[in-house]
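Given only the sequences and the hints, what does the whole structure look like? Please build it.
For reference, the chains in residue letters:
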Amino acid sequence: MNKNGTITMINGPVIRGKNMANFKMREMVMVGKKKLIGEVIILDGDVGTIQVYEETEGLTLGEDVLSTGKPLSVKLGPGMMGNIFDGIQRPLLEIDKMNKDFIPEGIGLISLDQEKEWEVEFCVGEGDSLTQGQIFAYVKETELIRHKLLVPPGKSGVVISLKADGKYNIEEVLVVLKDDGKEQELRMYHEWPVRVPRPSKLRKEIEKLLITGQRVLDIFFPLAKGGTSAIPGGFGTGKTMTQHQLAKWSDADIIIYIGCGERGNEMTEVLEDFPKLIDPKSNRPLMERTILIANTSNMPVAAREASIYTGITMAEYYRDMGYHVAIMADSTSRWAEALREISGRLEEMPAEEGYPAYLPSRIAEFYERAGYVEALSGEEGSVTIIGAVSPAGGDFSEPVTENTKRFVNVFLALDKELAYSRHYPAINWLDSYSGYIKVLERWYEENLAEDAVKLRNKMLELLFKENKLQEIVMLVGEDVLPDDQRLILEIAKIIKIGFLQQNAYNKDDTFVPLEKQYRMLKIIDYLYERCRSSLALSIPISQIKSQKINDELIKMKYTVPNDDLSKIDEIKEMIDNYYTELEKQYLV
Amino acid sequence: MKKEYLKIDKVIGPLIEMSNVKDISFGEVVDIKSSDGAMKKGKVIKIDGDRVIIQVFESTSGLSTGNSSVTFTDEAFELSLSKDILGRVFDGLGRPADAGGELYTRKKYNINGRPINPVARKYPRDFIQTGISSIDALMTLIRGQKLPIFSGNGMTHNELAAQIVRQAKLGEGANEDFAIIFAAIGVKHDDADFFRKSFIESNAMDRVVMFINYADDPIAERINTPRCALTAAEYLAFEQDMQILVVMSDITSYCEALREVSSAKEEVPSRKGYPGYLYSDLASLYERAGMLKDKVGSITYLPILTMPNDDITHPIPDLTGYITEGQIVLGRELFQNNIYPPVNILPSLSRLMKDGIGEGYTRKDHPDLANQLFSCYSKVQEVRALAQIIGEDDLTETDKKYMKFGKAFEDNFISQGFEENRDIDETLDIGWEMLRILPKEELNRINPDMLDEYYYI
Numbered sequence: 001m002n003k004n005g006t007i008t009m010i011n012g013p014v015i016r017g018k019n020m021a022n023f024k025m026r027e028m029v030m031v032g033k034k035k036l037i038g039e040v041i042i043l044d045g046d047v048g049t050i051q052v053y054e055e056t057e058g059l060t061l062g063e064d065v066l067s068t069g070k071p072l073s074v075k076l077g078p079g080m081m082g083n084i085f086d087g088i089q090r091p092l093l094e095i096d097k098m099n100k101d102f103i104p105e106g107i108g109l110i111s112l113d114q115e116k117e118w119e120v121e122f123c124v125g126e127g128d129s130l131t132q133g134q135i136f137a138y139v140k141e142t143e144l145i146r147h148k149l150l151v152p153p154g155k156s157g158v159v160i161s162l163k164a165d166g167k168y169n170i171e172e173v174l175v176v177l178k179d180d181g182k183e184q185e186l187r188m189y190h191e192w193p194v195r196v197p198r199p200s201k202l203r204k205e206i207e208k209l210l211i212t213g214q215r216v217l218d219i220f221f222p223l224a225k226g227g228t229s230a231i232p233g234g235f236g237t238g239k240t241m242t243q244h245q246l247a248k249w250s251d252a253d254i255i256i257y258i259g260c261g262e263r264g265n266e267m268t269e270v271l272e273d274f275p276k277l278i279d280p281k282s283n284r285p286l287m288e289r290t291i292l293i294a295n296t297s298n299m300p301v302a303a304r305e306a307s308i309y310t311g312i313t314m315a316e317y318y319r320d321m322g323y324h325v326a327i328m329a330d331s332t333s334r335w336a337e338a339l340r341e342i343s344g345r346l347e348e349m350p351a352e353e354g355y356p357a358y359l360p361s362r363i364a365e366f367y368e369r370a371g372y373v374e375a376l377s378g379e380e381g382s383v384t385i386i387g388a389v390s391p392a393g394g395d396f397s398e399p400v401t402e403n404t405k406r407f408v409n410v411f412l413a414l415d416k417e418l419a420y421s422r423h424y425p426a427i428n429w430l431d432s433y434s435g436y437i438k439v440l441e442r443w444y445e446e447n448l449a450e451d452a453v454k455l456r457n458k459m460l461e462l463l464f465k466e467n468k469l470q471e472i473v474m475l476v477g478e479d480v481l482p483d484d485q486r487l488i489l490e491i492a493k494i495i496k497i498g499f500l501q502q503n504a505y506n507k508d509d510t511f512v513p514l515e516k517q518y519r520m521l522k523i524i525d526y527l528y529e530r531c532r533s534s535l536a537l538s539i540p541i542s543q544i545k546s547q548k549i550n551d552e553l554i555k556m557k558y559t560v561p562n563d564d565l566s567k568i569d570e571i572k573e574m575i576d577n578y579y580t581e582l583e584k585q586y587l588v
Numbered sequence: 001m002k003k004e005y006l007k008i009d010k011v012i013g014p015l016i017e018m019s020n021v022k023d024i025s026f027g028e029v030v031d032i033k034s035s036d037g038a039m040k041k042g043k044v045i046k047i048d049g050d051r052v053i054i055q056v057f058e059s060t061s062g063l064s065t066g067n068s069s070v071t072f073t074d075e076a077f078e079l080s081l082s083k084d085i086l087g088r089v090f091d092g093l094g095r096p097a098d099a100g101g102e103l104y105t106r107k108k109y110n111i112n113g114r115p116i117n118p119v120a121r122k123y124p125r126d127f128i129q130t131g132i133s134s135i136d137a138l139m140t141l142i143r144g145q146k147l148p149i150f151s152g153n154g155m156t157h158n159e160l161a162a163q164i165v166r167q168a169k170l171g172e173g174a175n176e177d178f179a180i181i182f183a184a185i186g187v188k189h190d191d192a193d194f195f196r197k198s199f200i201e202s203n204a205m206d207r208v209v210m211f212i213n214y215a216d217d218p219i220a221e222r223i224n225t226p227r228c229a230l231t232a233a234e235y236l237a238f239e240q241d242m243q244i245l246v247v248m249s250d251i252t253s254y255c256e257a258l259r260e261v262s263s264a265k266e267e268v269p270s271r272k273g274y275p276g277y278l279y280s281d282l283a284s285l286y287e288r289a290g291m292l293k294d295k296v297g298s299i300t301y302l303p304i305l306t307m308p309n310d311d312i313t314h315p316i317p318d319l320t321g322y323i324t325e326g327q328i329v330l331g332r333e334l335f336q337n338n339i340y341p342p343v344n345i346l347p348s349l350s351r352l353m354k355d356g357i358g359e360g361y362t363r364k365d366h367p368d369l370a371n372q373l374f375s376c377y378s379k380v381q382e383v384r385a386l387a388q389i390i391g392e393d394d395l396t397e398t399d400k401k402y403m404k405f406g407k408a409f410e411d412n413f414i415s416q417g418f419e420e421n422r423d424i425d426e427t428l429d430i431g432w433e434m435l436r437i438l439p440k441e442e443l444n445r446i447n448p449d450m451l452d453e454y455y456y457i
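Here the protein sequences line up with chains F and R, keeping their order. Residue numbering for the first sequence follows my numbering, beginning at 1 and increasing consecutively. Residue numbering for the second sequence follows my numbering, beginning at 1 and increasing consecutively.
No lab work stands behind these hints, which were simulated from the structure alone. Heads up, the beta-carbon is just placed ideally off N, CA and C, and yes, glycines get one too. Any given hint could turn out to be false.
Derived list of chain F stretches under chain R, where covered just means 3 residues or more per stretch with a C-beta under 8 Å from a C-beta of chain R [claimed, not checked]:
no., region
1, 45 to 59
2, 88 to 95
3, 264 to 274
4, 548 to 556
Capping the alpha-carbon separation at 27 Å, the derived lysine-lysine pairs in DSSO-like fashion look like this [what the hints assert, rightly or not]:
no., chain 1, residue 1, chain 2, residue 2
5, F, K34, R, K108
6, R, K122, F, K507
7, R, K107, F, K33
8, F, K548, R, K400
9, R, K122, F, K100
10, F, K24, F, K75
11, F, K454, F, K405
12, F, K100, R, K3
13, R, K22, R, K7
14, F, K155, F, K140
15, R, K46, F, K34
Stretch by stretch, here's where chain R covers chain F in the computed footprint (C-beta under 8 Å, at least three residues) [to be verified]:
no., region
16, 4 to 11
17, 27 to 39
18, 389 to 397
Next comes the structure, spelled out in structure tokens:
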């Protein structure tokens with residue numbers, strides 16, 4: 001254990017040390033008198049290169065590099081839920097208690113609260129044979145989350161002793177296993193290296209919708225439990241807003257929110273808002289199912305690179321307990337930039353735009369950790385990844401967006417023009433896509449309506465047509481178009497304003513149940529069909545268009561309560577009355 | 001015992017390289033004496049074995065490899081601060097540049113600061129009235145916000161910043177506890193003079209601290225200027241409980257200085273030759289704005305940057321926009337049409353306004369009104385594009401009203417006098433007056449009840 005290296009080079013967050021032949025690749029080390037946390041990233045003979053997770057100013061040549069013998073790991077156990085950590089799982093609230101307001105360097109490695117006692121309830125007995133990943137006890141972590149204690153992967157054996165149900169802190173030995181004559185102690189937590197995906201029994205097919213309550217997502221570009229998605233957009237297009245909406249309303253059991261190189265105030269906002277927001281299903285604050293990881297843009301850049309892995313490892317851990325976890329990474333571009341910055345300091349040969357050549361493989365490794373699995377414990381769980389991408393200059397052809405596109409199934413392109421006209425969520429329906437429409441078709445049929453996907457495709461087609469027509473309108477004006485095309489423009493306008501736009505600040509509209517979403521679109525379609533049959537009777541569009549009905553449809557997101565959809569029937573009646581009356585006049 | 005080294009290996013631009021040095025720390029400050037006796041300051045930016053690279057904050061001309069002496073001070077770069085800095089002028093490295101003499105204090109602060117713990121932050125919610133309609137109504141400034149002004153060369157950003165400084169209601173009530181920190185980073189002498197004059201005219205000079213690095217000052221000094229200013233701001237805000245407004249001009253010069261030093265260090269360049277860490281570096285400035293839970297003071301931050309070629313996708317405005325909480329964008333076309341302030345509202349944004357406006361903060365109709373104005377003005381752009389092709393006469397009646405709205409909005413709402421200070425009620429009322437040009441059914445962003453209340457004829 002007591003191996004020492006000596007610092008020979010310092011260049012920002014990258015340092016080099018000699019006498020490090022016994023160090024291991026990716027090992028966690030402590031650097032200098034202040035014991036800054038770092039990780040070995042290159043070994044060359046007895047010279048090791050280390051990325052340091054804290055500010056290196058004041059470090060002196062010749063100071064020690066201490067080995068810890070283990071890779072960069074997180075402690076997985078009770079105490080994570082509702083908490084906020086930095087990029088290497090150090091609790092920010094604790095740090096704030098120790099050092100008011102600002103984050104100093106050299107705090108050392110702290111993570112879960114070691115003092116706090118948890119009520120443990122065992123579900124195994126002496127003599128039981130436990131396999132890896134099996135659940136051996138329960139802890140009520142928050143009102144919402146029952147934490148299931150797992151036998152760490154790689155360990156198994158027969159229980160030779162265990163504690164009685166009761167209160168313990170996470171350091172106490174709860175169970176002793178005997179395997180091949182070797183004794184193994186199980187505590188409430190175990191450590192896991194962040195860069196290694198946790199094993200599961202088998203990967204299952206993706207077939208469930210991740211309900212978000214956002215119309216443009218649930219109906220047009222659905223996310224799936226265990227799936228991957230990316231939200232690219234230039235600044236000011238609402239990436240963070242979309243991420244926050246998903247964190248608040250998606251029907252995942254657990255949310256892990258990684259603020260990766262973003263604004264400090266955004267984390268503060270989550271910290272202030274989430275405890276006040278009540279989960280509609282359980283009536284408990286949303287914070288009880290949320291873990292925050294914050295590496296704001298002014299915190300050390302190397303820890304930004306690690307924060308993504310810290311988050312996904314925690315997600316996999318809860319997945320193994322049988323939970324559906326959604327992980328939001330805001331933003332993966334900052335993570336890629338952290339890779340670039342470190343790569344630059346290592347003087348590696350750059351590929352596109354200065355990014356290292358291994359960027360695509362790193363992005364792939366990250367997104368591939370999503371999935372719907374049967375865990376070692378036999379439970380079913382999933383990890384859904386929703387990554388924000390901040391393309392430089394809003395240009396989607398830059399390397400991070402391009403490479404992300406290759407490895408995700410849902411692509412939600414945020415659009416500057418839409419954002420400028422305050423069309424939120426500014427998800428461009430022409431550029432976005434969801435690869436899950438096909439696999440979710442059955443789910444929609446069983447859980448929503450037979451024709452849900454068909455309706456969606458029809459409406460999307462209408463929007464595509466409208467886009468083409470708009471090009472003509474830009475040249476010659478609307479008046480010269482034939483009536484059926486002008487109808488498409490009218491209906492598309494209703495879809496855009498009445499359906500796609502969603503007001504996150506309105507208490508009804510911020511989350512809309514699936515049923516209402518479907519009914520809303522259905523009634524728009526109904527209007528379209530009624531208008532079309534009127535058109536067939538050669539009634540001019542000026543007569544067919546009823547501003548009053550259009551307004552009613554546009555406003556239905558506010559006027560129809562989420563829990564009482566009978567109002568939609570009234571609208572339908574109104575449409576029927578108007579068009580029957582109109583057709584009567586022309587039939588005579 | 002401080003060691004003095006007499007041999008420099010290389011001088012390249014603002015960097016010097018030395019070998020055979022021992023016991024030095026990363027980031028340490030060095031004193032360099034050239035053969036003609038001039039003292040310069042520098043900082044260790046890379047150590048590799050016994051070789052070090054030092055960045056010199058002043059001009060390296062006159063340094064020779066043989067006849068200079070370099071002393072390592074064993075200290076990080078620190079700034080002496082006390083309340084006496086109010087009303088004073090400093091150079092880009094924080095040394096007094098007026099007749100006031102040295103500052104006597106024992107309090108020294110590392111100019112790099114430390115990251116604010118996100119859990120210690122207080123989410124900013126207090127509205128600052130700037131008296132400028134376009135800003136107050138549509139991109140409301142919030143106390144503790146970082147809101148840059150994206151401008152272009154020759155536009156009226158300095159006038160706008162001066163007007164904000166003069167009119168902004170920073171403190172509560174008596175306005176006793178506010179101060180302004182102005183950092184000039186590579187600005188022209190007349191620009192700096194313009195600000196100084198405007199501070200004097202508004203009788204604010206004894207509440208202003210100025211850090212000035214002129215365009216002809218050494219570029220390496222420029223890298224420290226904003227840090228000195230922000231360190232002073234943190235001191236006044238969080239130790240002296242004051243409300244601070246930091247105005248900085250011009251961030252573009254700062255980034256260019258960073259690029260120059262980076263290329264001298266032979267680093268791998270990223271977009272347009274700027275270093276790969278430009279984002280992190282800018283963040284280390286911008287993120288120092290804010291409020292703390294247990295402190296009264298606040299830092300509101302208004303950096304000004306000139307977009308090269310008016311290009312908002314240039315790396316400097318681009319990365320800035322990703323870090324700051326919105327942006328005020330000035331438009332060339334408005335400027336050419338003699339509209340002051342030429343705020344192009346469509347790409348402009350304040351991310352914090354949603355929590356600082358509306359009932360209990362400004363007025364209950366504010367959020368909907370703002371939303372509607374944005375949406376209508378965006379429609380104006382479409383109609384104008386159409387009018388260019390088919391001619392204004394062939395527009396529909398509604399579209400003609402949009403044309404009229406667009407013109408009136410620019411002339412009466414966006415445009416206002418350099419001395420004109422409109423309060424929020426006046427601003428919102430003008431907004432409604434503009435909307436009344438349009439038919440009621442076009443206003444679909446406004447809650448129907450609100451519309452009935454305010455859209456009277």
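Consistency of the hints with the structure:
Figure legend: the region 45 to 59 of chain F, annotated as covered by chain R; annotation consistent (5 residues with Cβ-Cβ distances under 8 Å, at least 3 required). Proximity of the region 88 to 95 of chain F to chain R, defined as three or more residues with a beta carbon under 8 Å from a beta carbon of that chain, is established by the 3 residues found. As drawn, the region 264 to 274 of chain F meets chain R at 7 residues by the rule of a beta-carbon pair under 8 Å; at three or more, the given contact holds. Counting residues of the region 548 to 556 of chain F whose C-beta lies closer than 8 Å to any C-beta of chain R gives 3; at least three are required, and the coverage claim holds.
About 21 Å separates the Cα atoms of F/K34 and R/K108, which keeps this hinted pair within 27 Å; it holds. Straight-line distance between C-alpha atoms of R/K122 and F/K507 comes to about 24 Å, which keeps the hinted pair within the 27 Å bound. Taking the CA atoms of R/K107 and F/K33, the gap is about 25 Å. The hint holds against a cut of 27 Å. Restraint check for F/K548 and R/K400: satisfied, since their Cα atoms lie roughly 22 Å apart, inside the 27 Å limit.
Pair hint R/K122 plus F/K100 holds up; C-alpha atoms about 13 Å apart against a cutoff of 27 Å. For a cut-off of 27 Å, the pair hint linking F/K24 to F/K75 stands: about 20 Å separates their Cα positions. Note on F/K454 and F/K405: the hinted pairing holds, with a Cα-Cα distance of about 26 Å set against a maximum of 27 Å. With a CA separation close to 36 Å, the supplied pair F/K100 and R/K3 exceeds the 27 Å bound.
The suggested pairing of R/K22 with R/K7 holds, with an alpha-carbon distance near 14 Å, which does not exceed 27 Å. Of the supplied pair hints, the one linking F/K155 and F/K140 holds, its CA atoms being roughly 24 Å apart against a limit of 27 Å. For the suggested pair R/K46 and F/K34, the alpha carbons sit about 19 Å apart, so the restraint of at most 27 Å is met. Under the rule that three or more residues need a Cβ within less than 8 Å of chain R, the assignment of the region 4 to 11 of chain F holds, with 4 such residues.
For the region 27 to 39 of chain F, the proposed coverage by chain R is not satisfied: 0 residues have a C-beta within less than 8 Å of a C-beta in that chain, short of the threshold of three. With a threshold of 8 Å between beta carbons, the proposed coverage of the region 389 to 397 of chain F by chain R holds, since 5 of its residues qualify and at least three are required.
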